[in-house]
Structure formats: C-alpha cells, structure tokens
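Chemist: So you can see what is in the structure, the chains are spelled out below.
Number of protein chains: 2
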Amino acid sequence: MAVNLTAPTAEDLLPVAGIRLATASAGIKKPGRQDVVLIELAEGSETAAVYTRNAFCAAPVILARQNQKHTASRYLLINSGNANAGTGETGMRAARQCCQSLADLAGVDATAVLPFSTGVIGQPLPVDKITAVLPEAMQSLAEDNWLQAAQAIMTTDTVAKAKSMQLTLAGKTVIITGMSKGSGMIRPDMATMLAYITTDAAVSHAVLTTMLHKAMNQSFNRITVDGDTSTNDACVLVATGQAANKTIDSITSEEGERLLTALTEICRYLAQAVVRDGEGATKFISIYIKQGKSQEECRMAAYAIAHSPLVKTALFASDPNWGRILAAVGRSGIEGLDVSTVTINIGDVCIVDQGQPAADYTEEKGQAVMNEAEIDITVWLGRGQAEDMVWTCDFSYDYVKINAEYRT
Amino acid sequence: MAVNLTAPTAEDLLPVAGIRLATASAGIKKPGRQDVVLIELAEGSETAAVYTRNAFCAAPVILARQNQKHTASRYLLINSGNANAGTGETGMRAARQCCQSLADLAGVDATAVLPFSTGVIGQPLPVDKITAVLPEAMQSLAEDNWLQAAQAIMTTDTVAKAKSMQLTLAGKTVIITGMSKGSGMIRPDMATMLAYITTDAAVSHAVLTTMLHKAMNQSFNRITVDGDTSTNDACVLVATGQAANKTIDSITSEEGERLLTALTEICRYLAQAVVRDGEGATKFISIYIKQGKSQEECRMAAYAIAHSPLVKTALFASDPNWGRILAAVGRSGIEGLDVSTVTINIGDVCIVDQGQPAADYTEEKGQAVMNEAEIDITVWLGRGQAEDMVWTCDFSYDYVKINAEYRT
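One line per chain: the protein sequences are A and B, in this order.
Just so we're on the same page, the numbering used here is the position in the first sequence counted from 1, plus 17.
Just so we're on the same page, the numbering used here is the position in the second sequence counted from 1, plus 17.
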C-alpha cells in the first residue's frame with residue numbers, strides 16, 4: 018500500500034566505515050521474526066540524538082538520554098514488537114538490564130549502550146528473550162547488514178526504509194547511510210519513531226548536533242500521519258570519522274554546508290518514506306502554507322489540514338471536496354484571519370481565489386488532480402511573508418483496520 | 018448505528034406557545050426529501066444566538082449575526098443539503114435573497130429573518146428552489162411540527178434529535194423544546210452544527226444571552242466527533258414570553274437558576290445526541306480530566322484523547338490498548354507534566370496508578386470495560402484542583418465510508 022515507495026536492495030545501502038550491524042530473532046511479538054538490532058559504533062565516533070517531547074516518554078528514551086550524557090556511545094540496542102512505554106519502574110529496570118547484559122558481553126560501560134524500543138505500549142519488556150540473543154548478535158556484527166536492520170526495526174511498516182549517499186569532502190570520499198521506521202503514531206515532535214543515520218565523515222560533536230537539529234526541522238519534524246506523537250521517537254546521528262577527512266568544526270564551512278545538505282536529503286527521504294508507508298496510506302500529500310505573518314501560524318494551518326479526518330477521508334476518496342480544506346484553515350486558530358485574502362490551490366488547480374470560488378474551477382479539473390497519488394495543497398494566506406509545510410497521507414479503511422486489529 | 022439514542026415521537030415534543038414550524042421539500046440535494054425548515058417566532062420573543070468561531074464562517078452565519086443585531090428576529094429559515102459556505106460574495110447574495118423572499122411573504126423587514134444552512138461546503142445555494150417552497154411553508158406553520166423540523170435539518174444524522182421539558186416557575190407552567198443536528202465536522206467552538214431551543218418563558222434579553230453561554234459551556238462546547246469545527250455552527254435560544262411568568266431578569270434568582278438548569282439539561286441531551294449519532298459511531302465516550310493546574314490544561318488533555326485516531330480506533334475495536342491514552346495525554350502540551358503523579362481509569366478499572374501500571378490490572382478487566390457501548394475515561398493529573406471533560410465517540414470503518422462517499 019505504500020505510496021511510490023519501494024524498499025532499497027542490499028546493494029543500494031553503502032557500508033559506513035566504523036559501523037557494524039547485526040539482527041536477531043528474540044520472539045518478542047511474532048516468533049521467527051527478526052526483532053532485535055544491534056549497531057556497533059567504532060571508538061572515537063561522535064553521536065547526536067533527539068528524542069520525543071511526549072511528556073510520558075518510554076523507559077528506553079529516558080535511559081538513552083541519561084547514558085548519552087554520561088559516556089561516548091558505543092552500541093545502539095533496538096527492539097521492535099514492544100515499546101517498553103507506560104511500564105513505570107519495571108520498564109526502567111528492564112531497559113537497564115538489557116544495556117548491562119550487552120555491556121558485559123562487549124566489555125564496555127553500560128552507559129555506552131543506548132536502548133531503543135518500538136511496538137505495543139504498556140506491556141512488560143521480555144528482558145530474558147532479548148538478552149538471550151545478544152551473544153549471537155555480537156558474533157554476527159557486519160558492515161553490510163543495513164537492509165536486515167531496516168527490516169528488523171519495522172512494526173506496522175510495510176516497506177523497509179533506508180538510503181545511502183556518497184559525496185567528496187576536501188578530496189575524501191564520505192558515505193552517509195540511514196534508516197528509519199514508523200507508520201502510525203506519527204507526528205514527530207523533535208524526531209520520528211526511530212531513525213538512525215550514520216556517516217564516516219569526521220565532524221565535531223557541536224557541529225554534528227547542530228546538523229541533526231537543522232536536518233530534523235526540514236524532514237522528520239515536517240511529517241504527520243495521525244497527529245499522535247509517539248512515546249518512543251528517537252533519531253540518532255553518528256559520525257565515525259573514519260573517512261579521514263579534516264574534522265568539520267564549522268557548519269558554515271563549505272564542507273559543513275555540503276554535508277548538511279546531504280544529511281538533510283537523507284533525512285527528507287527517510288521522513289517522507291514514513292509518510293508514504295503511513296498506516297493505510299494511498300496518497301502522499303504535501304501541504305504548503307505561504308504568505309503568513311509568522312512561520313508558527315503557517316504551521317498551525319498546515320497541521321489543521323493535515324490532521325483533519327474530513328480532509329484525509331476526502332483525499333482517500335479522491336473527492337475534490339475542497340470546502341473541508343477551507344474549513345480546516347478557518348478553524349486553525351490564526352488570529353484575525355480574513356478569508357478575502359486567502360487563495361487555495363490543489364496541485365495547479367486554483368479552487369479559492371482571494372476568498373471567492375475560483376471562476377474557472379470545474380469539478381473535472383478538481384477530480385483530475387485529486388486522482389493523483391501525490392497531491393500538493395497550497396494555501397496563500399495573503400497576510401505576510403512567512404511560510405511552512407508538512408507532509409502527510411490520507412485516511413483509509415485500512416487505517417482503521419490496522420489500528421483496530423493492531424494487538425490481535 | 019447511533020449509540021443508545023432513539024428519535025423522540027411527535028408526542029414527546031411539547032409545543033411552545035409563540036413558536037410555529039413548517040417544513041418543505043425544495044430538492045436541494047435529494048429530490049423528495051424535506052430540506053427546508055421555517056420557524057416563526059411570535060412578536061415580543063427574545064432571541065440569543067452563538068455562532069461558529071471558524072474564521073471562514075458561512076454566508077448565512079455572517080448574515081444572521083448582522084440581522085440579529087439590527088432587528089428583533091421573527092423567522093428562522095434553515096436549509097439542509099447545502100452549507101452556503103466557501104461561496105464568497107455569491108453566497109452572501111444568495112442568503113440575502115432567501116431572507117428577502119421570506120420577508121416579503123411575511124410582511125417583515127428582511128433583517129427579521131435569520132438564515133441557516135448545513136450540508137456540502139463550496140457549492141452555490143439553489144436560491145430559486147428554496148424561495149419557491151416558502152409560500153407553501155408559510156401556509157403550513159403549526160406549533161406541533163417539531164419532529165418534522167428535527168428530521169428536515171438532518172444531513173448525515175441517522176436519528177432526529179429533539180427534547181422537551183416542562184417546569185413550573187412561580188406558579189406558571191413553562192415549556193422548553195429544542196432540536197439539534199450534526200454528526201460530522203463536529204468540534205463546536207461556541208455552538209454546534211445547528212441547534213434551536215425555544216421556551217415560552219419570559220426572560221430578559223441579557224439573562225437569555227447569559228443562560229445560552231452558560232448552557233453551551235456545559236453541553237455543545239464539550240463535544241467532539243472529529244475535531245473539525247464547522248463553518249456553519251449556530252445555536253439559537255428563543256424565549257417567547259407567552260407562559261406569562263414574571264419576566265426573569267436575574268440569572269441568580271430562584272426562577273433564573275431553575276430555568277438555566279432545565280436549559281442546560283436540554284442542551285446536554287441535544288449535544289450528547291450529536292455524539293451518539295456521530296458519523297460511524299459505535300461507542301459513546303466521556304473523558305474526565307481531574308486534578309489539573311487549570312481548566313485549560315484539563316481541556317487540552319481531554320481533547321488530545323478525544324481526537325487521537327489511535328485511541329478512537331482502539332475504542333472501536335474494544336481493544337484495551339490503554340498505552341494510546343497515556344501517549345495522548347503525554348503529547349497534549351501540558352507544561353512540566355510528570356507521569357509519576359498520573360492515574361488513569363477506564364470505567365472503574367485502574368490501568369495506570371501514579372505512573373505505574375496498576376498492580377491488579379488484567380487484560381480481562383480491561384476487555385470487559387472496553388466491551389461496553391458507553392465508556393468513561395478518567396485521568397487524574399495529580400497537580401491541582403481544576404477539572405474539565407468532553408464527550409466523544411469512536412472511529413470506525415463507517416466514519417471513513419461516510420466521509421469518503423459524502424458527496425456521491
């Protein structure tokens with residue numbers, strides 16, 4: 018069902034010097050499925066991460082935040098099938114046990130392990146099942162396991178999401194490879210469900226952190242499937258430095274800007290992939306709000322459209338019921354909004370022109386553009402110069418089916 | 018599909034002295050269906066009204082607001098099947114033409130007519146069809162047409178919504194009868210889709226207006242189906258004064274308080290009826306947030322739960338996937354919210370106790386309470402004394418079906 022999205026092949030995903038991955042099957046939710054991913058970061062790697070702003074964040078998110086402050090990260094330990102969220106003190110103990118178990122095997126401090134979980138909320142994490150497969154995972158670490166890892170972190174995802182880019186920085190070849198997962202409970206607020214991007218470029222920690230935030234704001238922080246910010250969102254960016262380029266210590270240097278551009282492109286691909294594979298999605302929608310007084314009010318209007326169940330079901334039905342778009346902008350909470358300055362396009366078809374129904378609009382034109390699998394909605398508020406945008410998907414029978422049957 | 022809601026009989030609905038109603042079939046959307054309602058208010062009636070806060074409110078809303086300020090209202094002219102919203106200047110002219118046509122027949126000023134429309138947004142109002150049936154409607158005005166009127170204002174509603182109460186104020190018998198419609202695009206912000214409540218009590222205009230706002234805040238402003246505030250919401254309260262009670266000119270008088278209590282009860286019934294008949298609804302959900310620092314933050318948490326597609330689909334599936342409730346509260350934007358003080362019940366089953374999974378919770382208990390058609394969700398935030406609540410419904414296949422096929 019994913020909209021114009023196919024999984025990468027193993028060959029599409031370039032190994033990153035200093036990053037090794039392994040997967041294992043712990044039988045957390047479905048027996049036989051690969052559901053544990055281990056990522057080893059070479060010594061000397063710099064790591065930046067952003068996590069969900071959901072006030073009730075999951076135990077692994079709390080622990081990963083703490084551990085990252087304490088020690089340079091050496092391992093990312095990820096499980097799918099169980100979110101270890103809403104699990105209280107028991108959940109914190111479970112996350113610590115998993116980290117300690119891996120640390121003992123690897124001969125590192127437990128705080129060098131960052132834990133991540135995704136899946137059902139509110140069920141105890143099966144610690145024993147996870148720790149039992151760690152020795153095997155340690156044995157099978159390899160640089161070329163990206164596709165298996167991208168598959169193992171999936172939950173309701175239908176397509177594995179990963180992408181590589183290669184660029185030359187000051188004569189050195191640099192690789193960036195990243196992966197993400199997520200399909201429902203997607204309205205990231207700082208990061209998406211789970212995303213891991215690594216590069217062998219040498220980048221200072223401060224610059225890496227800035228780059229992650231900048232790339233996030235152009236990618237994961239611009240998508241929504243259902244408006245539900247997850248308890249487990251996390252996005253991690255690792256730079257191993259093994260490309261041996263001169264360490265990038267300024268984001269405004271030529272190398273800094275080029276690396277940021279490439280990182281942003283990877284993040285946008287991975288973020289859009291989450292929307293294209295949104296639960297039940299049949300359409301990929303880009304919503305552009307222009308001529309606002311502030312970026313904030315543009316964002317309010319964009320999310321009002323993107324979260325409207327009425328707009329989303331009309332998109333599913335390819336019904337040019339544009340009144341619902343108008344109504345969503347109208348209720349978005351923008352102070353003093355005046356319909357007489359508002360213009361709305363679907364694709365290149367103008368539906369509302371300065372608050373009036375567009376004179377040359379016809380149902381046929383509206384229908385033609387709504388039949389597309391990729392639809393742009395553009396709203397000019399006519400009250401300023403600010404703009405913002407979000408990507409989202411439609412709302413189908415399958416969204417209800419997937420979420421009504423998720424735990425069964 | 019409506020949840021524990023049956024239509025009233027004609028006998029359930031008590032005539033209100035000074036109020037006459039008529040319906041007619043103008044063929045606006047479906048040929049043969051009654052789709053025009055005319056309500057005549059006797060001379061001397063006081064009218065209070067609240068309208069949508071959607072910035073792009075419909076032409077009839079703009080005109081009704083203007084007319085009400087200008088002249089004492091004598092007629093309410095309502096059509097279903099077309100919202101006359103998003104129709105620009107043409108829509109304003111159409112609304113004025115309808116009012117003028119009725120005013121000419123009735124021998125009143127055009128500003129004594131309040132127009133209301135509900136239905137599809139963005140299509141031209143068929144003025145000629147509506148004005149053609151007005152002579153017939155004027156002829157058939159009668160006090161006992163409440164049920165026909167409640168049926169004629171329906172759109173995706175499956176059940177007519179109306180209720181009467183009778184009370185004695187200082188020795189005089191007073192009647193209140195009201196009706197509402199609405200099923201989708203329901204997240205009223207001042208009022209619901211369309212609601213009309215009338216009484217023969219004598220009430221001063223100032224007190225009537227205060228009563229309407231107070232009753233609204235305990236009823237229509239506490240419901241949501243899909244979070245989409247309509248362009249056409251309006252709620253009108255009329256007092257004809259023909260019960261000949263001493264005019265109520267204080268809301269804190271004994272009579273004032275008793276009338277307000279009765280009005281609030283009618284409004285709550287009508288508001289809950291909209292949710293019980295929410296598009297595709299199979300469950301009626303009451304969400305109570307307690308122990309907040311402010312009513313505002315309680316409302317934020319309540320709406321975050323009520324609008325979460327994940328919570329709503331789990332409710333549809335009777336799946337005690339309570340993690341989604343926890344996640345919704347966590348992302349609701351409450352500053353400094355600490356999970357360790359939060360307790361959550363579904364019905365009388367505690368699921369989260371002071372941030373920890375409740376020790377005596379079992380899936381069986383959760384399943385039993387989720388199987389009910391009426392479900393209470395209670396969240397104690399543990400940070401203050403404020404509280405608030407909303408009523409909502411679940412999210413089913415039929416919601417998607419109804420809204421994907423609405424215009425076909």
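Note that these hints are calculated values from the structure, not bench results.
We put the CB at the ideal spot given by N, CA and C, even for glycine.
Accuracy of the hints is not assured; some may be wrong.
For the chain A half of the interface with chain B, some residues (derived, Cβ under 7 angstroms), not all of them [as the list claims (entries may be wrong)]:
| id | residue |
| --- | --- |
| 1 | Phe73 |
| 2 | Ala187 |
| 3 | Gly188 |
| 4 | Asp245 |
| 5 | Ala344 |
| 6 | Asn420 |
Chemist: Hint by hint, say whether it matches the structure.
Modeler: Here is what the structure says about each hint:
no.	hint	in the structure
1	Phe73	holds, 3 angstroms
2	Ala187	violated, 43 angstroms
3	Gly188	violated, 46 angstroms
4	Asp245	holds, 5 angstroms
5	Ala344	holds, 5 angstroms
6	Asn420	holds, 4 angstroms
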